[in-house]
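Novice: Please arrange chain B on chain A, whose structure you already have, making use of the hints.
2 protein chains.
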Amino acid sequence: MMRMEFLSTLVALVAVLGLPMCIYADEGMWLFNNVPKDYLQKKHGFTPDDAWLDHVQKSSVRFNSGGSGSFVSADGLVMTNHHVGADAIQKLSDEKNNYLRDGFFAKTRDKELKCVDLELNVLMSIEDVTERVSAVVKEGMTPTEAFQARNKVIADIEKESKDKTKLRSNVIPLYQGGQYHLYRFKQYTDVRLVFAPEQQAAFFGGDPDNFEYPRYDLDVTFFRVYENDKPLKADHFLKWSANGSSPGELVLVSGHPGRTSRANTVAELEYLRDTGFPFLLQRLYRWETSLSVFSDRSAENGRRAKDELFGIQNSRKARDGGMAGLLDPKIMQRKISNEQTLRAAVARDPKWKDVGKSWDIIAEAEKKRAKLIRPYTMLEAGAGVNTAYFSIARTLLRHAEEKDKPNGERLAEFRDSNADSLEQTLFSEEPIHNDLEIVKLADGLTFLCNELGYSHELVQKVLAGKSPRERAAELITKTKLKDVAVRKRLYKATSDEIKAENEPFIEVARILDAEARKLRKTFETDVEEVKRQAHSQIAKARYAIEGSSVYPDATFTLRLAFGVVKGYEQDGKEVAPYTEFAGMYERSKEHNNKEPFDLPARWVEKKAALDLKTPFNFLCTADIIGGNSGSPVINKKAEVVGLIFDGNIQSLVLDFTYSDEIARAVSVDSRGIVEAMRKIYGADELADELTGKK
Amino acid sequence: MMRMEFLSTLVALVAVLGLPMCIYADEGMWLFNNVPKDYLQKKHGFTPDDAWLDHVQKSSVRFNSGGSGSFVSADGLVMTNHHVGADAIQKLSDEKNNYLRDGFFAKTRDKELKCVDLELNVLMSIEDVTERVSAVVKEGMTPTEAFQARNKVIADIEKESKDKTKLRSNVIPLYQGGQYHLYRFKQYTDVRLVFAPEQQAAFFGGDPDNFEYPRYDLDVTFFRVYENDKPLKADHFLKWSANGSSPGELVLVSGHPGRTSRANTVAELEYLRDTGFPFLLQRLYRWETSLSVFSDRSAENGRRAKDELFGIQNSRKARDGGMAGLLDPKIMQRKISNEQTLRAAVARDPKWKDVGKSWDIIAEAEKKRAKLIRPYTMLEAGAGVNTAYFSIARTLLRHAEEKDKPNGERLAEFRDSNADSLEQTLFSEEPIHNDLEIVKLADGLTFLCNELGYSHELVQKVLAGKSPRERAAELITKTKLKDVAVRKRLYKATSDEIKAENEPFIEVARILDAEARKLRKTFETDVEEVKRQAHSQIAKARYAIEGSSVYPDATFTLRLAFGVVKGYEQDGKEVAPYTEFAGMYERSKEHNNKEPFDLPARWVEKKAALDLKTPFNFLCTADIIGGNSGSPVINKKAEVVGLIFDGNIQSLVLDFTYSDEIARAVSVDSRGIVEAMRKIYGADELADELTGKK
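The listed protein sequences correspond, in order, to chains A and B. According to our numbering, the first sequence is numbered sequentially starting from 37. According to our numbering, the second sequence is numbered sequentially starting from 37.
Simulated from the structure, these hints should not be mistaken for lab results. As the structure is a computational prediction, the values presented were derived from the model and not from experiment. Cβ atoms here follow ideal geometry from the backbone N, Cα and C, with glycine treated the same way. There's no promise every hint is true.
[Claimed, not checked] When the alpha-carbon atoms are kept at most 25 Å apart in a straight line, the in silico PhoX-like pairs for lysine-lysine are as follows:
no., chain 1, residue 1, chain 2, residue 2
1, A, 625, B, 132
2, B, 404, A, 407
3, A, 609, B, 514
4, A, 150, A, 524
5, B, 407, A, 403
6, A, 342, B, 625
7, B, 625, A, 132
8, B, 518, B, 497
[Claimed, not checked] Pairwise CB distance ranges, derived in the manner of DEER restraints:
no., chain 1, residue 1, chain 2, residue 2, range
9, B, 536, A, 649, 53 to 63 Å
10, B, 466, A, 698, 34 to 44 Å
11, B, 513, A, 697, 20 to 30 Å
12, B, 513, A, 167, 53 to 63 Å
13, A, 625, B, 618, 31 to 41 Å
14, B, 366, A, 622, 52 to 62 Å
15, B, 175, A, 557, 54 to 64 Å
16, B, 513, A, 643, 33 to 43 Å
17, B, 147, A, 649, 43 to 53 Å
With the rest of the complex left out, here is chain A:
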C-alpha cells in the first residue's frame, strides 16, 4: 500500500534528492504554488483558480506518522486510510478492546477516543527562501563548510518563522539547490478516533492481494481534530460528492507523496540496483521472517507484532517491485537516453562547461555510498540493535550532547524546530512488548555479527561476552526505559548525569556512538552534500535547457496530482476500473473464507442489507507514491469521490519513472464508504455528517 515507509532512515539513503523533470501525459506531483494550469486546461478543460487551490490545500492534512488525509466536515472530521491510522488504533487497543481487529465507532462525540502521539499538520503557507539560503554557500567552501553554513541558515529561518508565527516551520529543499521553500504548518495534537472498520475489512486479501487488482478494501478511518477540548471548527473542508466518479472522468489527488527518485542519475540508479535495494531487501527478508515466526506462535503474539509485520511486508513488496523495475532494461534504457540527451546538450553550450563533470562527481559519491551503506545501516540506522529501546536510549544520549550546541550545528532532529515531534516520539506511551523486542534485538545483534564481523571491537563490546539471544534478554530485562517518567527525567539530565545512570541501552548507544556519528558525518558531507551541489548544477542547466514547466521529486510535502478513472490491460485481458461489493464476497468464497480472505462477522450478517452493486474500489492514472495513502480523490468541484490507498504492482516503478500504460493508483470509492457505513456499521450519524445531511 501507498503508506510512507517507516524505514525512514534507510529510505532516506535510497532517495533524497529532488530535481525537475519533463512531464509526460498526466505525470506529475505538483507544488501547490506551481500547478500546470495550462496543461490542465488544454488536456482536461479545467483551470483550478487560486481560491480552489487555497481551499484544497487547507483541507489537506499530513499525518506525521507517514500518510495523508483531509478535513471532510465543518466539525474537524478527518478522513484517512485505515492503514495510516492503524498505528494510532493499535495504541488504543489492548487484549480486551482490540479495536484494530474488531473496529470502532463512536456514536456520540463523548465516546471518541483520544489518540496517543498522533500529530496532524496542515500547510498554511509557502514562502520562497531560495535566495537567502543560497547566499550563505560561498565559492571555495569545503563540502563540510557548505553543509554547515546551509544548515545554520535553515535553522535560523525556521526559528525566526516559528517565533513569529507560532506555526511549525520547515525549510524544504526542492529541485535540489534549485529552490528552498519555507513551509508553515498548523499542528494539531488532540486527535480522536471516530470510526474504524475491522482491519480485516480494511485490508481484505492481506499481503497476498496488496499491490494487486481487482481489490475489495474498505481502507478508511475517520478521526476528529479537537482544539481546547472542543471539535475544531474547520475553515476549510472537502464536501462529499453526491454521485461519485465515472469512467474517463478527471480526478485530482491532494496529498503527500513521500519520496521519489526520478531525478536520479544513471549512476544513482545503478547504485540502487546493485547495492542499495539488494541490501535493503536482505534486511527486510530477515526482519519479516523473524516477525512471522514470532507472530505464528500464538494469537496474542500475532496481535502484538501485526502492525510492524504489516509494514515490513509492504516495504518488502514495494522494494521487490522497485528492484524489478531497476532490472528492466526498457526502463533503464529510457533513463540512459534521457541522461545522454541532457549531457549532450550541456556539452554543446560553453556556458555549462563545469556542469558536465557533475554526473561523474555523483558517480564517485555513489561509490562511497556503496562502501558506507552496510556499517551506516547497522550502526547509525540502528539495524544492528533493532529494538525501540535503543532508539530511545540514543535519543536521550545525543540530546544531552546536542542541546548545548548552537541550534544550527546540531544534528537535524535536535534542532528547535523539531523539538515537539522529538518529544512526542520519545515520551510516547505506546506499549513496548518485551518478548517481541527480545526477538527483534537478538536477530539484530546476529545481523550485526554477520555484517560487521564477529571479532569487530564494537560487536564484542556490545555483546559483552554473551550470545545475541542471551544479551538481548539481559538488556531488555534490565532496562528502565519502558517507564516514560524515566525518559522524561533523563531528557532533562546532563551528559554526566546520564552516564551515572548505568542504563544498559544508553551504555550500548554510547559504545557505538562515536563510530555511528562518524559514519553519519561522512555520509552527510562526502555523499549527500557532494551530490546536492552536483545535482544543483545539473538542475540549473536542465531548467535552462528543458524549460520550467516541471515538478520536483517528492518530499513528503503537499502536492497535487491528477489523472482519469481508467482500467488497464494485463496479459491481454482488460482489468475494469471499478470493483463492487459483490466481488469481495466472491473472492472470499474462492478461498473458503480463509485468512486473509475471511469476511468479518458483520459483513456476513449484513450482506442482505447491502447493495452489492455499489462501487467499492477504483483505478485512476494519477501520479502517486508512498505517503499518498489517505489522500482524498476529488472532482473539479473539489468534492470527495474517493480515497487513495494503494497502487497496483505495475505502479511500483513510479519511484523512478512515470507511466500511465499499466501503472494505476487504487482508491476506495466514496459511494462504497457511505454504503458500508450505513448498512454494515450502523454509522448513520457519521454518514450524515459526511454527506451534509446533518
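Specialist: Same frame as chain A, now just chain B:
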C-alpha cells in the same frame, strides 16, 4: 524436523568432513561395525550381540530422498515419518485426490499406490577398504593428482563390487582419511503407499511448533516394498513393542544421520559463523519469502508450493538455531579449548611434527572457501537459476560430456555406480508447475544479478536483454523439458545433437558451465582435497593420542545412537518427556482451531472414541541429527517403541557438539500410532499387521 535437508549441495559445502571424537555421556552416532559395547554394558547393562546388530541393521531402511525408516512386518511394510514420505505422497496427489492434505489408507493391498521415484536402500554389508584407497595417494602428488587418483580407485572398487554382487556399492570416507568403508546396499524401487494421515495431523502446529516441545504430531507414514509385483518377504523386520517405553528407559535409534560438523576445526566453525551460515540464511530468507508470497495468492498455489516451502522453513529454522550455537561463546570456547589441548599434545610429540601445521592449512583453505562460496552457490549449486528445469538441463548437458570419459575421471554424480539414482531423478514424472517455476526463477535471476553484479558477462548472457521476470517467463514457456520423453531422448544424445536441439535451458546451462565447472574444480581440489589431507593428519594424531573408542561425523549412512527417555528444564520449568492426545486438543483450542493448529475433521469427529491419555510424543537423549527422521526408536529387545521425527530447538547445536543437558530428540510414541490408527483412521488391518495380530 530432523529431515535430511534437500539443499544438498549447500549442505555439502557446510560440512563434509568426518573425524573421530571423544564421547561424552550418551553421545555418539556409532558405526554398526564399531558399537561401544563396553560403554553400553557399563552404563546401561546391555550388550547388543552380533545377531542383534545384524538384525537391526537389515531391518533399517534409508530413504534416498533424505530420511530413515524400518521394516516393521514380514510383508515388507516400512515405517517412516510423514515428512519423509511427503514428497512421494505429493507426487501421487493432484487437485482432485489431495492425499497430502487429506491422508490415505489402502484397506487392501490392491489399493496400495505405487510411488514415483522413491528408492529405498538396505545396508547389507560393510567392508574396510582403507588400505587399497590410501595406497594410491603417493608422496609428492599435487592435490589434484591425489584427488583424481583416489576418485579413480573408489570408482574401480564400486564398479567391481557392483558387477560382482549386483548391489549398490558406495565407498564411504569415514574419520576422514582414517578409514574408507565399502557399503553395499540392496535397492528397492517398487515402493507403494499404504497409509498416511492428513498432513495437518502429521505436522500439527506447523512451522511455529517445529523444533519446539511439547509437541502433538502423528508424523508417520507406511509404505510397502514390492519385489516382482509382490509384497517383499522381509528376512528382517522390527517387532512392535506391546507396552511402549517408560521414563528413564534405555532406547536405541537406528538411522541415517545426514551430516554433522563436530570434527570441524575452530577455523571451520568461524567460516560457518562468519560466512557460510549468514549467506545460506540470506538465501533461505528470500526463498521462503518468495514461496510464501506465491502460496498465499490462492489455495491451489499453496498446495503446489507446500512441500518445498515446508522444507525451506525447516532449513531456515535449523540454520537459525545453528547460527545461535555458533554465536554462543560457551560452545565456541569449548571447541577452542579442545583444539588447544590436542594441538598442545601434538606439539609435545616429535612424531607428529608435521601435523601441527594441518590446522593452519585448514584455516587457509577456509579463506579460499569464503571467497568461493557466493559464485559457487550461484553457478554450480544453481541458486542463480532456481528452477527444476535448469537442474534437468544441466544434467543432460553434462551427461553427454561425461559419459565418454573413463569412469574414474567423471564428476561424481555421473559415475556408473550412481547411474540408477541419476536416471530416477532425471526421468521423474513429478509434476512441475510452471507458474511456481517462474516465480522461483525470476527470484533466482534477481539474486544472480545481486550477487555476481548486473554487468557480469555471464549475467548479461543469461538475461539476454530481458528483465529477470520476462526472461523467466520466456524460458519456462519455451522449454520442452517438462516432457519426460524429451529428457529420455536427450539422455542418449551426443553433445553435438544436444547443441542442435536449441533447448533454452540447455543453452543457459551451456553459458554457465565453463565457469561453474571451474569453480567446482577449484573448490574440490583447493578446498576439499586440501582439507581432507590435513584432517587425515589430525585424525591419525588424535587416534594415537585420544584412543580409538570414537565415532566419525555423520555421513548419511547407518548409525546406532542411544539414550534414555527424559524431559528437561527450560526457564526453571520442568518439561515432561511424554505428551498425550489430550494436549493436542487443548493447544488447538488455545488457537481457536486456526491454521496451523486446526484439527483435521476426523480428529474432531472421532475424539470421543480416543483414549485421550495415550502417550503421543516423547523425548529422549539419543544423539541424532537431520537424516535421522523416520528412524525407529527401539528397546533392548529391538522392538519398536517410537519413531524419531524432530529435535527440540536446543538440539540444533548438535551439529557441532553433543549435549544431553537440554538437547532432546523428539519421537512419536508407538502407542499413539496404534491408537490413532484404530480409533481415528479405522485402519485395523494395518494395526493388526504391525502388532502381529494378523
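Novice: Next, verify each hint and record whether it holds.
Specialist: Taking the hints in turn, this is what the structure says about them:
The straight-line distance between the Cα atoms of residue 625 of chain A and residue 132 of chain B is roughly 19 Å, inside the 25 Å bound, and the hint therefore holds. With a C-alpha separation of about 23 Å, the suggested pair residue 404 of chain B and residue 407 of chain A falls inside the 25 Å cut-off, and the hint holds. Annotation: proposed proximity of residue 609 of chain A to residue 514 of chain B holds, straight-line Cα distance about 22 Å (limit 25 Å). At most 25 Å may separate the alpha-carbon atoms for a hinted pair to count; residue 150 of chain A and residue 524 of chain A meet this at roughly 21 Å.
Restraint check for residue 407 of chain B and residue 403 of chain A: satisfied, since their Cα atoms lie roughly 22 Å apart, inside the 25 Å limit. Under the criterion of a C-alpha separation no larger than 25 Å, the hint pairing residue 342 of chain A with residue 625 of chain B is consistent with the structure, at around 21 Å. With a CA separation close to 19 Å, the supplied pair residue 625 of chain B and residue 132 of chain A stays within the 25 Å bound. Restraint check for residue 518 of chain B and residue 497 of chain B: satisfied, since their Cα atoms lie roughly 23 Å apart, inside the 25 Å limit.
The beta-carbon spacing between residue 536 of chain B and residue 649 of chain A, approximately 59 Å, falls within the hinted interval of 53 to 63 Å. Evaluation of the 34 to 44 Å hint for residue 466 of chain B and residue 698 of chain A yields a pass: the beta carbon distance comes to about 35 Å. Range check, residue 513 of chain B to residue 697 of chain A: about 22 Å between beta-carbon atoms, so the 20 to 30 Å window is met. About 59 Å separates the C-beta atoms of residue 513 of chain B and residue 167 of chain A, a value consistent with the hinted range of 53 to 63 Å.
As the Cβ distance of residue 625 of chain A to residue 618 of chain B is approximately 35 Å, the hint placing it in 31 to 41 Å holds. The hint said 52 to 62 Å for the Cβ distance between residue 366 of chain B and residue 622 of chain A, and at roughly 57 Å that hint holds. The hint said 54 to 64 Å for the Cβ distance between residue 175 of chain B and residue 557 of chain A, and at roughly 59 Å that hint holds. One distance hint, 33 to 43 Å for the beta-carbon pair residue 513 of chain B and residue 643 of chain A, holds here, with the actual separation near 41 Å.
Take residue 147 of chain B and residue 649 of chain A: their Cβ atoms lie about 51 Å apart, and the range 43 to 53 Å holds.
Going down the numbered hints, you'll see the structure goes against none, and every one checks out.
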